[in-house]
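For this one, chain A is given, so just place chain B on it according to the hints.
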Amino acid sequence: MTTDTVISTRDLSLTFQTNDGPVHALKDVSLDVEKGDFVSFIGPSGCGKTTFLRCMADLEHPTAGAITVNGASAEEARRARAYGYVFQASGLFPWRSIGGNIRLPLEIMGFDRAEQDARVKRVLELVDLGGFERKFPWQLSGGMQQRASIARALAFDADILLMDEPFGALDEIVRDHLNEQLLSLWERTEKTICFVTHSIPEAVYLSTRIVVMSPRPGRITDVIESPLPKERPLDIRDTPEFLEVAHRVREGLRGGHGDDD
Amino acid sequence: MRNALPVLSVVAAILVIWYLAAFWMNAAWVRDQAARADRHTGFAELVTETMTQDRPVVAAPHQVVMALWKGVFGHKITSKRSFVYHGWVTLEATLWGFALGIVIGVGLAVIIVHSRAVDMSVMPWAVISQTVPIVALAPMIVVLSNAVGIEGRLVPKAIISAYLSFFPVLVSMVSGLRAPHPMQLDLLKTYGASRTQVFWKLRLPSSLPYFFASLKVAIAASLIGAIVGELPTGAIDGLGARMLIGSQFGQPLIMWAALFAATILAGALILVVGVIQRAADRRMGVTR
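For the record, the sequence lines run as chains A and B.
Everything in the first sequence is counted per numbering that gives the first Met the number 0, starting at 0 for the first residue and increasing by one.
Everything in the second sequence is counted per numbering that gives the first Met the number 0, starting at 0 for the first residue and increasing by one.
In isolation and in its complexed conformation, chain A is listed as follows (with noise of 0.2 angstroms):
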């Protein structure tokens, strides 16, 4: 893997007016991604991932500090499609068949037709909803919706998936083949993936590198390399190895919330 940095951060802050005062949701918070990394963000509620997920993703604007992405500024990023993003709900829309929503970023990037119905069957299968194309999400179970939304975000070949909690309103058991569908399609398309949770299993099973960060002000207080091979089946979360990196994830947290006490 080569190691150009696909998102860097020097020093980001950001902090939010409102009527009860400043809120420091982002307090120099300095990171590097790799190209093919799959960043795990995990802290509490309100230790700022998913602003920090946000200002990756432009949808944000930092009060103070540096961000690029691609070598270029947030928007420029954004403007050129460089990423997909995965909403905590599918947020698909109700009048368009799951076709139709996947068509929705190929349309405004102004795919062709022929282009358009390639890709949605491609992206389709990746996700193993081939033939679903007609549906309509009320007529998809919730996972099915979050796999479809996923599908709509692969739609258009950005190298960079930002995913905030996609499975967290999800079962256990549909959150596991999910997670697992998720780093076997990160395997085959090599793409560099931020994914912010709330749950500590789900991001070392899945993470390269987890982040772990605390909030009040929201900071990065651990960024753990994970020691775990590329090949991971689910049975690895009853390995030693992994018990470990948990540890000290959780240990991380906890150093993140003992400062509130």
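Just so you know, these hints were derived from the structure itself, not from any lab.
All figures in this text were calculated on a predicted structure; none of them were measured in a lab.
Certain hints may be false.
Said to hold, decoys possible - Dumping the calculated DSBU-like pairs for lysine-lysine here, alpha-carbon to alpha-carbon at most 35 angstroms:
no., chain 1, residue 1, chain 2, residue 2
1, B, LYS188, A, LYS120
2, A, LYS134, B, LYS215
3, A, LYS229, A, LYS26
4, A, LYS134, B, LYS79
5, A, LYS120, B, LYS200
The following block gives chain B in isolation, referenced to the frame of chain A:
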């Protein structure tokens, strides 16, 4: 047709109350006439006489049905006495006014949603426009349009209809165009979508349920506008004119029949809008 039984029972109840009302209100005149002729009316006679008057205070249901039947089927369609002719005159103005009202309502809503300055300046005026009593405004519009040289009543009636129907469409569309969830707007932002693309792909489809809901109100308002436009100075054609002429020239049965014809017309128009709404819902994947 699970709804048939409750609806029929309500209709039956209304008919009973109506007959009782007709009997009670027409009885006074019958007794008065009998007293003048020094006759005494028995109960049976009272009932028949109240139900068969030429100029009743309250027309009985069967009288209205007969007058309606006569008006619709008893004359040639081109005759000036035919309800079909008058119904068409009213319907024509209603539909033109409705179309104009939709254009104005949707057009203004699109501008309001995209421009803060227009939002703050136009909305208050739109609200104020609806507080002016239309019955006072209608004669002015009719007279003005004739003065400007426009022939006939169709244009002023359409304007009055549009005046009444644009407002529900405007208010609903402003809500509808603003209905998208911030997350959906963020999603389109990540695709680098332009404002035009956001409008056509997100705002407009999101606003359709609001749009069709407002159409039902708007078409009823448009019909009222057309009828009100037929009343002032020199009413000749249309259901509103028939109502006025009926009441002023001693033919209350025609007035009642015209009234019910207008009601039936309104009901039919709303039904049609409802059918279009359901078809659009199905096409847009709404489950209900």
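Outcome of the hint check:
1. Note on LYS188 of chain B and LYS120 of chain A: the hinted pairing holds, with a Cα-Cα distance of about 24 angstroms set against a maximum of 35 angstroms.
2. At roughly 30 angstroms between alpha-carbon atoms, LYS134 of chain A and LYS215 of chain B fall within 35 angstroms of each other, so this suggested pair holds.
3. For the proposed pair LYS229 of chain A and LYS26 of chain A, the alpha carbon gap of about 32 angstroms is at most 35 angstroms, so the pair holds.
4. A hinted pair counts as satisfied when its Cα atoms are at most 35 angstroms apart, and LYS134 of chain A with LYS79 of chain B does not qualify at roughly 55 angstroms.
5. The suggested pairing of LYS120 of chain A with LYS200 of chain B holds, with an alpha-carbon distance near 21 angstroms, which does not exceed 35 angstroms.
In this structure, the one hint that does not hold is number 4.
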